[in-house]
Amino acid sequence: MSVKDHREDHAPDMDDAAPGQETVNEREPVGGLQGYVIGFGFAVLLTAASFAVVMTDLVYGPAVVSALVVLAIGQMGVHLVFFLHLTTGPDNTNNVLALAFGIFVVVLVVLGSIWIMSHLNHAMMPMPGMNRFGS
Amino acid sequence: MSGAAGSSTLPSDISARSGEHDPYRVGRHGGHGHGSTGSGAVGPASRYVTVTYGFWIFLLSDIIMFSAFFAGYAVLSGATAGGPTGRELFELPRVAIQTGLLLTSSFTCGLGSLASHRRDMAWTQIWLLVTGVLGAAFLVLEVQEFAAMIDEGAGPTRSAFLSSFFALVGCHGLHVGLGLLWLGTMMAQLWLKGFRDDILRRLHCFNLFWHALDIVWVAIFSLVYLLGASA
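Same order as they appear, the protein sequences are chains B and W. At position 61 of the first sequence the residue is numbered 61 (our numbering), and the sequence of numbers has no breaks. At position 204 of the second sequence the residue is numbered 1204 (our numbering), and the sequence of numbers has no breaks.
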């Protein structure tokens, strides 16, 4: 019971995987040591790109915001696939659906707040000595 | 006579039926390879899958909580009240080092997980220790940064921008600190109790927690520090 009962001793359930579970994705490039090394490499590249966008003049000024957002989303995707082992396979349906709902709420909260508050800002009466939110 | 015969056949009849058909697939035999999603066709999922799924739901809730802090920061980032702006305060070299530390700790955490799959106690403990040291170094840099900002008079009470900045980044730092406590607990439990099923489940949940913290940090360094320094 104690030593023999490890999950590796059971055959992994190919129809149902836990987030982060390595056994199911073992034979794919995202699994095992190879997966962590590839993911680490991608993450380092994307991080370096993010810093380069800000520290150099490679990217047209007004586009810096979009570039940073795109690079951040890309890096989050790398983390999800290579470190958390989320894939689009049928074994991951539950995990991906939960993630989709989470992203939906996050987008709603963040974009909704920015949208509403910018409208309120526009609607506010301009007062002397006030740039945006108080003196 | 007939009643006695019925009662003698009934138990064996039931056991034979449940043994052969297993109508609820509790034994989880068969049912593979039909392309079914979830576990509806093959009986209850293993403890490992359900525990991790529950923790995944917690992590997503945690990320939703962070999104509220992000929304607050995004709305208030211009409300400096005449005080210092992000451009004046943020030191990108420090942020780059912090990012490198946390990203590498996420990587070593994954290596520790692989070592635990091989039931390799020495390497599991080594990688967990490296993860903990990198996480602690990250936290030291963050505390130094906060202390320096408060010394300069740019504490959380200075402006709405700084309140939301300290709330957001401090909340992430608090998570890292709690993660370090959890990491130490897991190292001790692994050491004392070995690769037991429940310990491995906890270790796996810790790995997920640590990777999720790194995902939140990606959003922080891109959208708070880099954006703040470039704007």
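Derived by calculation from the structure, the hints in this document are not laboratory data. Predicted model, so just to flag it, every value in this text is computed and none were measured. Ideal placement from N, C-alpha and C gives every residue a C-beta, glycine not left out. Each hint should be verified, as a subset may be incorrect.
Said to hold, decoys possible - Here are a few chain W residues that sit away from chain B, every Cβ distance over 12 Å (derived from the structure): (1) Ala1071; (2) Ala1074; (3) His1117; (4) Ala1136; (5) Ile1150; (6) Thr1185.
Stated by the list, open to error - According to the in silico footprint, chain W covers these stretches of chain B (three or more CB under 8 Å from chain W): (7) 67-78; (8) 96-104; (9) 109-119.
Said to hold, decoys possible - If you want a taste of the chain W side facing chain B, the calculated C-beta under 7 Å gives, among others: (10) Phe1107; (11) Leu1226; (12) Ser1230.
Numbers of unmet hints, in rising order: Checked against the structure, the hints that fail are numbers 1, 2, 3, while the rest are satisfied.
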